[in-house]
Amino acid sequence: MSILEVKGLQYSYENKKRVLRGINAQMEQGKMYAILGPSGCGKTTLLSLLGGLDSPSSGQILYQGKDIAKTGFADHRRNHVAFIFQSYNLIDYLTPMENVALTSKLPPLPILEQLGLTAEEAKRNVLKLSGGQQQRVAIARALASDAQVILGDEPTGNLDEDTAAEITAILKDSAHKSGKCVVIVTHSNELAKEADVVFRLRKGDLQISDASEIEQERKKK
Amino acid sequence: MIERAFFYTTRKRGKTLMLLLTLFVISTFVLTGLSILAAADHSALSLRQSVGGSIKLELDENNRQNWTYQQSVGGTLVGYTGTPITDADIEKVMSVKGIHGYNGVGDGSVFAMDFSFISGFSFGPGSDYSRLPSVSNSEYFNYFRRGAFKLVEGRHITPEDDHAVLISTALAERNGLKLGDTITVQCCYDAGGYPNVSLEVIGIYQSTLDDGGFTTTSTDKRNRLIIDHKAMQEIMMHDVIQYDNGVEFFVDDPRDIDKIAAQIQKLDLDWNCFKLTVDNTAYEAVASSLTAMQNMVTGLIIGIVIVSIGILALILNMWIKQRTHETGILLSIGVSKVKIVTQYILETLMIAMIAFGLSYFSSGAIAQGTSNLLFSQVAETQPIPEIETPDDGTEYLDITGQYIPYDTSNMVAPDSIEVHVTVEHLLWVYLLGMAICTAAVVLASLPVVKMKPKNILSQMS
Numbered sequence: 001m002s003i004l005e006v007k008g009l010q011y012s013y014e015n016k017k018r019v020l021r022g023i024n025a026q027m028e029q030g031k032m033y034a035i036l037g038p039s040g041c042g043k044t045t046l047l048s049l050l051g052g053l054d055s056p057s058s059g060q061i062l063y064q065g066k067d068i069a070k071t072g073f074a075d076h077r078r079n080h081v082a083f084i085f086q087s088y089n090l091i092d093y094l095t096p097m098e099n100v101a102l103t104s105k106l107p108p109l110p111i112l113e114q115l116g117l118t119a120e121e122a123k124r125n126v127l128k129l130s131g132g133q134q135q136r137v138a139i140a141r142a143l144a145s146d147a148q149v150i151l152g153d154e155p156t157g158n159l160d161e162d163t164a165a166e167i168t169a170i171l172k173d174s175a176h177k178s179g180k181c182v183v184i185v186t187h188s189n190e191l192a193k194e195a196d197v198v199f200r201l202r203k204g205d206l207q208i209s210d211a212s213e214i215e216q217e218r219k220k221k
Numbered sequence: 222m223i224e225r226a227f228f229y230t231t232r233k234r235g236k237t238l239m240l241l242l243t244l245f246v247i248s249t250f251v252l253t254g255l256s257i258l259a260a261a262d263h264s265a266l267s268l269r270q271s272v273g274g275s276i277k278l279e280l281d282e283n284n285r286q287n288w289t290y291q292q293s294v295g296g297t298l299v300g301y302t303g304t305p306i307t308d309a310d311i312e313k314v315m316s317v318k319g320i321h322g323y324n325g326v327g328d329g330s331v332f333a334m335d336f337s338f339i340s341g342f343s344f345g346p347g348s349d350y351s352r353l354p355s356v357s358n359s360e361y362f363n364y365f366r367r368g369a370f371k372l373v374e375g376r377h378i379t380p381e382d383d384h385a386v387l388i389s390t391a392l393a394e395r396n397g398l399k400l401g402d403t404i405t406v407q408c409c410y411d412a413g414g415y416p417n418v419s420l421e422v423i424g425i426y427q428s429t430l431d432d433g434g435f436t437t438t439s440t441d442k443r444n445r446l447i448i449d450h451k452a453m454q455e456i457m458m459h460d461v462i463q464y465d466n467g468v469e470f471f472v473d474d475p476r477d478i479d480k481i482a483a484q485i486q487k488l489d490l491d492w493n494c495f496k497l498t499v500d501n502t503a504y505e506a507v508a509s510s511l512t513a514m515q516n517m518v519t520g521l522i523i524g525i526v527i528v529s530i531g532i533l534a535l536i537l538n539m540w541i542k543q544r545t546h547e548t549g550i551l552l553s554i555g556v557s558k559v560k561i562v563t564q565y566i567l568e569t570l571m572i573a574m575i576a577f578g579l580s581y582f583s584s585g586a587i588a589q590g591t592s593n594l595l596f597s598q599v600a601e602t603q604p605i606p607e608i609e610t611p612d613d614g615t616e617y618l619d620i621t622g623q624y625i626p627y628d629t630s631n632m633v634a635p636d637s638i639e640v641h642v643t644v645e646h647l648l649w650v651y652l653l654g655m656a657i658c659t660a661a662v663v664l665a666s667l668p669v670v671k672m673k674p675k676n677i678l679s680q681m682s
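If you're matching them up, the sequences are chains A and X in order. Each residue of the first sequence is one higher than the one before, starting from 1 at the first, in the working numbering. Each residue of the second sequence is one higher than the one before, starting from 222 at the first, in the working numbering.
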């Protein structure tokens with residue numbers, strides 16, 4: 001059974017420009033999904049809608065079969081989903097441990113160590129960490145929560161190639177080993193090809209893209 | 222939430238320090254202002270109390286039904302047939318809130334039997350007598366109250382006294398009298414048969430009045446013997462105390478005098494025979510000066526508070542707006558709006574509590590200096606009050622029908638007051654300050670928390 005289901009989702013900006021035109025999709029636990037598409041096509045908007053950061057113009061988003069508009073967007077954000085942003089979005093006056101503790105009551109150090117931070121780094125101010133380390137903290141914060149859906153908005157966008165590969169591996173493990181449903185919005189075909197399912201957002205429609213299409217695009221670049 | 226608030230205030234030291242300084246300066250101004258205002262209020266009350274105000278209950282001379290007029294050889298004999306003012310009436314009036322004392326005045330005329338008056342213009346034999354008032358409390362007697370007489374030795378007459386007398390320094394000097402001596406007087410009325418009555422000198426007063434050229438023995442203020450009612454009863458051979466010149470009641474605060482008079486008017490007294498006269502002449506004279514002083518201080522305080530609230534709202538608004546990013550992150554991880562705003566309020570209050578506490582000391586240091594500066598400026602612009610002799614003929618206050626002028630030297634608005642910053646003022650600053658801070662944070666947070674998390678986050682990126 002899908003954990004997240006999108007039915008006839010439509011979204012228009014305040015200037016009436018419609019970016020999503022009746023999207024339908026299903027997402028399951030234990031899989032990593034990638035949403036590809038050109039800039040301005042509405043990828044981030046779709047992710048925001050999936051995470052309850054915004055409300056659709058029409059259509060439904062169901063979490064375990066229940067409409068999140070009815071159960072409440074704040075409740076959905078608090079209990080069902082966790083975000084990983086391109087710009088990390090950590091609270092800058094807290095340490096990595098304190099940032100992780102925002103979403104979890106469990107001790108934060110083990111998960112941070114698991115993601116490659118030392119105990120000493122886990123107690124520093126987050127702004128004193130490198131970009132890669134900050135993104136690991138953001139991932140730790142998402143994984144430490146009870147959320148079954150991890151939503152990533154260009155999570156490797158600000159990282160160098162090696163670090164991006166490591167972060168991609170962590171996200172993939174989160175889906176395959178921890179059983180989370182990971183949904184990534186990205187420009188990166190490198191990241192997309194690691195996904196179990198790739199969606200392509202074109203002119204407001206979401207279509208499943210096959211692996212050969214991605215490989216072709218990657219070669220073109 | 223509390224933990225986050227604590228982390229923010231301790232780790233964002235620059236911002237915390239800026240807010241702390243702002244709140245410290247504002248609360249110092251407000252606390253200083255409040256202390257000066259309270260001191261000014263207190264000073265105004267003291268001044269009002271010192272100038273006083275009285276309500277006189279007296280026999281209504283205009284109601285002719287209570288008086289008999291009999292033609293005799295020497296002129297018209299006037300007799301009062303109405304209800305006299307009794308001690309029970311006085312008790313009723315004293316039960317009204319806001320009255321702290323009274324003085325009933327009786328009237329008589331006596332010859333000096335074993336001493337001599339200072340002689341004035343003589344109309345012939347038998348004119349060497351003096352009018353004397355009997356009083357309940359000489360401290361409240363209008364001569365003393367208006368500063369015309371000043372007690373220089375001994376004490377005042379109280380209701381407990383029995384055959385006591387206050388004499389002038391001039392009379393004491395003339396007759397070699399001192400405290401504890403006795404003098405003998407006798408009523409000088411034509412009826413005759415009055416007893417010799419001994420009076421003990423318990424106080425000596427100095428008259429500050431210049432009687433001018435023409436005085437008779439009886440109108441010369443230096444001959445005024447002020448005695449108690451029991452002595453007057455024996456001198457005049459009355460069965461009960463007679464308050465011929467009415468009873469004056471003294472109010473705590475002359476500002477309330479009309480309200481108190483209205484309450485007295487509602488009492489069960491014989492209003493066919495009595496009338497009430499309100500005397501707040503002195504208060505009226507200083508009222509404008511007091512009002513100017515209080516208006517200036519109040520205006521200043523209101524100005525400080527408004528400007529302070531404005532600055533505070535502005536700074537807190539900036540403080541919260543700078544945290545839009547953080548608000549978006551917290552919303553995205555499911556922290557409720559209430560908890561986010563509460564965190565911001567807690568942070569502000571934590572800083573405010575320290576700032577307010579520190580302002581207790583800083584305002585203590587500057588309040589007196591600020592007040593001195595302020596009041597010296599007010600005093601410079603305020604004229605010394607003048608109370609003119611009334612010309613309508615209704616304000617005769619002496620038993621001989623002479624007007625007693627006011628000594629206005631103590632009626633000037635003070636050019637400095639003693640200011641104390643008290644814990645009560647500090648508590649007010651805490652209470653008001655915390656309410657204002659809370660309101661300012663809530664108002665500043667509203668536009669941010671009303672936004673959709675996505676909009677906040679997209680604004681940030």
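Hints listed in this document are in silico derivations from the structure and should not be mistaken for laboratory results. Ideal Cβ positions, reconstructed from N, Cα and C, are used throughout, including at glycine. Do not take every clue at face value.
[As the list claims (entries may be wrong)] Subject to a maximum C-alpha distance of 20 Å in a straight line, what follows is the list of computed PhoX-like cross-link-like pairs (lysine-lysine):
#	chain 1	residue 1	chain 2	residue 2
1	X	Lys480	X	Lys277
2	A	Lys70	X	Lys277
3	A	Lys105	X	Lys560
[As the list claims (entries may be wrong)] A short list of chain X residues far from chain A (calculated; beta carbon distances all over 10 Å):
#	residue
4	Ser557
5	Val663
6	Asn676
Verify this label for me: Val663/X is non-interface relative to chain A, using a Cβ-Cβ cutoff of 10 Å.
Val663/X is indeed farther than 10 Å from all Cβ atoms of chain A, at 19 Å.
Holds or violated: Lys480/X to Lys277/X, with C-alpha atoms at most 20 Å apart
14 Å, holds
20 Å limit on alpha-carbon distance, applied to hinted pair Lys70/A and Lys277/X:
Status violated; Cα separation ~78 Å.
Within 20 Å, alpha carbon to alpha carbon, are Lys105/A and Lys560/X?
Holds: Lys105/A and Lys560/X sit about 17 Å apart, inside 20 Å.
A cut-off of 10 Å on Cβ-Cβ distance, and Asn676/X was said to be off the interface with chain A. Does that hold?
Label violated. Min Cβ-Cβ 8 Å, cutoff 10 Å.
Non-interface claim for Ser557/X versus chain A (Cβ beyond 10 Å)
6 Å, violated
Taken one by one, the earlier hints fail for this structure at numbers 2, 4 and 6, listed in ascending order.
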